[in-house]
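*Asks:* Sequences and hints are given; from them, build the entire structure.
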Amino acid sequence: MPRTEPIKAVRGMRDLMPAERALWRTVERAAARVARSFGYQEMVTPILEHTDLIERVGTETDAVAKELYRFEDRGGRNLALRPEATAGIVRAYFEGHLNQGPQPARLFLIGPMFRYDRPQKGRYRQFFQFDIEAIGADSPAVDAEIIELAATWLREVGLRDVALELNTIGDHKCRPAYLDLLREYYRPLKDKLHGDCQRRLETSPLRLLDCKVPQCQPFKPKAPRITDHLCDECAAAWVLVRRVLDAAGIEYRLNPYLVRGLDYYTRTVFEFYPGGASGQQDALVAGGRYDGLAEAEGWRSTPGVGFAGGLDRVTEVVAASGAEVIPEPPAEVVVLADPGLEVEAAEVARLCRAARTVAVDYEPKSLRAKMRSANKLGARWVVLLGESEAQHHVAQLKDMASGAQVEVPWKQLAESLA
RNA sequence: GUGGCUAUAGCUCAGCAUGGCAGAGCACCAGAUUGUGGAUCUGGCUGUCGCGGGUUCAAAUCCCGCUAGCCACCCCA
6 MPRTEPIKAV
16 RGMRDLMPAE
26 RALWRTVERA
36 AARVARSFGY
46 QEMVTPILEH
56 TDLIERVGTE
66 TDAVAKELYR
76 FEDRGGRNLA
86 LRPEATAGIV
96 RAYFEGHLNQ
106 GPQPARLFLI
116 GPMFRYDRPQ
126 KGRYRQFFQF
136 DIEAIGADSP
146 AVDAEIIELA
156 ATWLREVGLR
166 DVALELNTIG
176 DHKCRPAYLD
186 LLREYYRPLK
196 DKLHGDCQRR
206 LETSPLRLLD
216 CKVPQCQPFK
226 PKAPRITDHL
236 CDECAAAWVL
246 VRRVLDAAGI
256 EYRLNPYLVR
266 GLDYYTRTVF
276 EFYPGGASGQ
286 QDALVAGGRY
296 DGLAEAEGWR
306 STPGVGFAGG
316 LDRVTEVVAA
326 SGAEVIPEPP
336 AEVVVLADPG
346 LEVEAAEVAR
356 LCRAARTVAV
366 DYEPKSLRAK
376 MRSANKLGAR
386 WVVLLGESEA
396 QHHVAQLKDM
406 ASGAQVEVPW
416 KQLAESLA
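So for the first sequence, the working numbering puts the first residue at 6; every next one is plus one.
No lab work stands behind these hints: they were computed from the structure. Treat the numbers as computed from the prediction; the structure is a model and nothing was measured. All residues carry an ideal CB built from backbone N, CA and C; glycine is no exception. Hints are supplied without guarantee of correctness; some may be wrong.
With a Cα cut of at most 25 Å, we get these calculated SDA-like pairs of lysine to any residue [what the hints assert, rightly or not]:
1) Lys197 with Arg165
2) Lys227 with Gly254
3) Lys416 with Glu302
4) Lys227 with Ile255
5) Lys126 with Val167
6) Lys370 with His398
7) Lys126 with Ser144
8) Lys71 with Ala364
9) Lys375 with Ala325
10) Lys195 with Val264
11) Lys217 with Pro344
12) Lys375 with Glu392
13) Lys370 with Arg355
14) Lys217 with Thr232
15) Lys71 with His199
16) Lys225 with Glu302
17) Lys217 with Ala291
18) Lys375 with Pro335
19) Lys197 with Tyr262
20) Lys403 with Ala364
21) Lys375 with Gln417
22) Lys71 with Arg82
23) Lys126 with Ile52
24) Lys197 with Lys178
25) Lys197 with Leu214
26) Lys197 with Leu263
27) Lys381 with His397
28) Lys13 with Arg75
29) Lys71 with Glu302
30) Lys225 with Leu186
31) Lys178 with Ser144
32) Lys13 with Gly116
33) Lys178 with Arg188
Okay, the calculated beta carbon distance ranges per label pair [said to hold, decoys possible]:
34) Asp143 with Ile52: 24 to 34 Å
35) Ser407 with Leu372: 34 to 44 Å
36) Glu420 with Ile52: 15 to 25 Å
37) Gly106 with Pro219: 43 to 53 Å
*Replies:* Here you go:
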């Protein structure tokens, strides 16, 4: 008999099986609990957005330029699977009139994001983020607030050893002059930079600072630093953010090379890394201020600050740290009946369900095999039903731990299991 | 988009340098145990050897292409 090739999961997409789902649930619940404790409300936005919305947010980033999951729908619309949450949340903030309510709107979202890149460890084409946004927030204290929120979340899921890196990248007032200084510094060195950096020099000079190619490294230490060229407002904000963090007892490392490539990002940028290997490719949480985003999307200029936390990575690090999540058994009670007693078995299960989680083994196997199966499922009790027992509306209730077995009338099963 | 490694039973893998009957463990099913789990023992089932082509009397094994997975780069959470 010719067999067809089994159809596997789409590239870069993975299933979360029940065994892993237990850990994910604790990480997600911690996120929601911490967010709500800071006054943030959950919301959901569509996974599909207009390609224009995503591209408005920055055609220069790889996430948009070459990693966008896009397609045309049956109506000829150009749509994209969202690569991150912020653009959609900002859109929803205006469309849903949150801009007319008390400011800032404190929001969180947990859901899947998509990037069409090559899968590898800790990176998938569909991945999940815990996203926090405070839209309409002017105060730098809110920048510190969301950093504290992220730190609290990571601590609550059991990650003691995380590193926070912090920087500021100025705003539309002070950054242009700084970028000119940066270009002036790098122009004479252009021949010594690698190809991408030679292009970045004119288009996105900030990115020169976070380049990791060895040949570009020697020039960084002497490059002008934005923190020496902030305008008064940005300098004051920079001080306040750190004052709040210091008072909260949150440790951080200033990293002058931590940047964002897009114009609408302003001032605060930060990233959390797992302890030990603080590579550049395994950030657990990354965020910052984006005062220019609303305007880039075509709305009234509105400040905002937020972060995205990678659930795939956080759960992975939590699992690697040795945290044991004991999975709950699928059912506390398993009902085993002789062949032909399916209706009676379902009835007995229905009665037991008043007190416990209950599954029925309907498979045509030997009783021995069903007992083995119930044992492997981790059932605490087994209810055995034979022909004569079914006639008398009784059943054998067996405690799997002690091995003790008693006959119980159906109507008293729930009581016996309570 | 670039590179390295990999693909054989439901799962983990051996077999491949030197071409010659498709293997092991686990899991599953049955029995030892006259309806009763965990330990032990016995038996049994499961294969287009990733897909397509080439070389050869003969290919899981050698060659080419493709696809997928893992890992790394670019980049990102």
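*Asks:* For the pair supplied as a hint, Lys381 and His397, confirm whether the alpha-carbon distance does not exceed 25 Å.
*Replies:* It is violated: about 30 Å lies between the C-alpha atoms, which goes past 25 Å.
*Asks:* Holds or violated: are the alpha carbons of Lys197 and Tyr262 at most 25 Å from each other?
*Replies:* holds (19 Å)
*Asks:* With the threshold set at 25 Å, check whether the alpha-carbon distance from Lys195 to Val264 stays at or below it.
*Replies:* holds (20 Å)
*Asks:* So if I understand the rule, the pair passes when the alpha-carbon distance is 25 Å or less; does Lys13 with Arg75 pass?
*Replies:* Distance ~22 Å between Lys13 and Arg75 Cα, so the pair holds.
*Asks:* Taking only the CA atoms, is the gap from Lys197 to Arg165 under or equal to 25 Å?
*Replies:* violated (41 Å)
*Asks:* Do the alpha carbons of Lys197 and Leu214 lie within 25 Å of each other, as the hint requires?
*Replies:* Given pair Lys197, Leu214 holds - Cα atoms ~15 Å apart, limit 25 Å.
*Asks:* Assess, step by step, whether the Cα of Lys71 is no farther than 25 Å from the Cα of Ala364, and give holds or violated.
*Replies:* Violated, because 48 Å separates the two Cα atoms, which is more than 25 Å.
*Asks:* Given the hint that Lys126 pairs with Ser144, does the C-alpha gap stay at or below 25 Å?
*Replies:* violated (37 Å)
*Asks:* Taken at face value, is the distance from the CA of Glu302 to the CA of Lys71 at most 25 Å?
*Replies:* holds (20 Å)
*Asks:* Check the hint pairing Lys416 with Glu302 against an upper bound of 25 Å on the C-alpha distance.
*Replies:* Violated. Lys416 to Glu302 sits at ~64 Å, over the 25 Å cutoff.
*Asks:* Given the hint that Lys225 pairs with Glu302, test it: the Cα-Cα distance must not exceed 25 Å.
*Replies:* Measuring from Cα to Cα gives roughly 33 Å; hence the hint is violated.
*Asks:* Holds or violated: are the alpha carbons of Lys225 and Leu186 at most 25 Å from each other?
*Replies:* holds (13 Å)
Hints 1, 2, 3, 4, 7, 8, 9, 11, 16, 24, 27, 35 and 36 from the list above are not met by this structure, while the remaining hints are.
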